[in-house]
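**Q** Quick mapping for you: the protein sequence lines, in order, are chains A and B.
Position 28 of the first sequence, counting from 1, maps to 373 under the numbering used here, and the rest follow consecutively.
Position 3 of the second sequence, counting from 1, maps to 36 under the numbering used here, and the rest follow consecutively.
These aren't lab readings, by the way, just hints derived from the structure by calculation.
Be careful, since some hints might not be right.
Said to hold, decoys possible - Think about it this way: if two alpha-carbon atoms lie no more than 16 Å apart in a straight line, the pair counts; the simulated EDC-like pairs of lysine to aspartate or glutamate are:
1. A/386 <-> B/102
2. B/74 <-> A/389
3. A/385 <-> B/72
As the list claims (entries may be wrong) - Computed footprint of chain A on chain B; a stretch qualifies when at least three of its residues, placed anywhere within it, have a C-beta under 8 Å from a C-beta of chain A:
4. 74-87
5. 102-111
The structure presented is a predicted model; accordingly, all values stated were derived computationally and were not measured.
Ideal placement from N, C-alpha and C gives every residue a C-beta, glycine not left out.
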Amino acid sequence: DTEVTQTPKHLVMGMTNKKSLKCEQHMGHRAMYWYKQKAKKPPELMFVYSYEKLSINESVPSRFSPECPNSSLLNLHLHALQPEDSALYLCASSQDRRRGGEKLFFGSGTQLSVL
Amino acid sequence: EDKVVQSPLSLVVHEGDTVTLNCSYEVTNFRSLLWYKQEKKAPTFLFMLTSSGIEKKSGRLSSILDKKELSSILNITATQTGDSAIYLCAGGRNQFYFGTGTSLTVIP
Numbered sequence: 346d347t348e349v350t351q352t353p354k355h356l357v358m359g360m361t362n363k364k365s366l367k368c369e370q371h372m373g374h375r376a377m378y379w380y381k382q383k384a385k386k387p388p389e390l391m392f393v394y395s396y397e398k399l400s401i402n403e404s405v406p407s408r409f410s411p412e413c414p415n416s417s418l419l420n421l422h423l424h425a426l427q428p429e430d431s432a433l434y435l436c437a438s439s440q441d442r443r444r445g446g447e448k449l450f451f452g453s454g455t456q457l458s459v460l
Numbered sequence: 034e035d036k037v038v039q040s041p042l043s044l045v046v047h048e049g050d051t052v053t054l055n056c057s058y059e060v061t062n063f064r065s066l067l068w069y070k071q072e073k074k075a076p077t078f079l080f081m082l083t084s085s086g087i088e089k090k091s092g093r094l095s096s097i098l099d100k101k102e103l104s105s106i107l108n109i110t111a112t113q114t115g116d117s118a119i120y121l122c123a124g125g126r127n128q129f130y131f132g133t134g135t136s137l138t139v140i141p
């Protein structure tokens, strides 16, 4: 199994809603990432979990809350988002971030629209 | 500030043409350079380059890293319409910085 699975594929939410994005991988990877990608822009790193611990938070607003319940799962909890948060949210994993330079495997993303 | 720059930003070619995409990086903690193809959603992995001067090949695609020049190129020969996509490069070690991508359109 060489896949990173993200759900849902599409999400429309109002600014007062609470929703969660989910990401799952069964490749035994110990690093998992959340990226945000706006149209015609490169992916921007949001969070990195290494061995289930948050190791990087790229100054992301607190309305985005990551969670890593176990080594295979990564969630992104969303609350009180703004329309400018509408974007493609990509999850990625890599084998072992501590070794560095490992290639990233991406999921197909969740296209989020905030109304 | 770490940054990755790709050129050109967009490219339109005819089927059968050969294209060269460029990526230059200024990343303080560098170990690898990654190339991805992004068509609709998920970027799909093409190459990982860690050593300078060693070409990696996969079918019509090839890539090489020049650590002295802090750059990499991605070559696509005999382009096909299915090569139309955004090509992203990313440099780093424990976290990767992505370039803005090159949008390639191959016309029949």
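**Q** Please list, smallest to largest, the hint numbers that this structure does not respect.
**A** 1, 5
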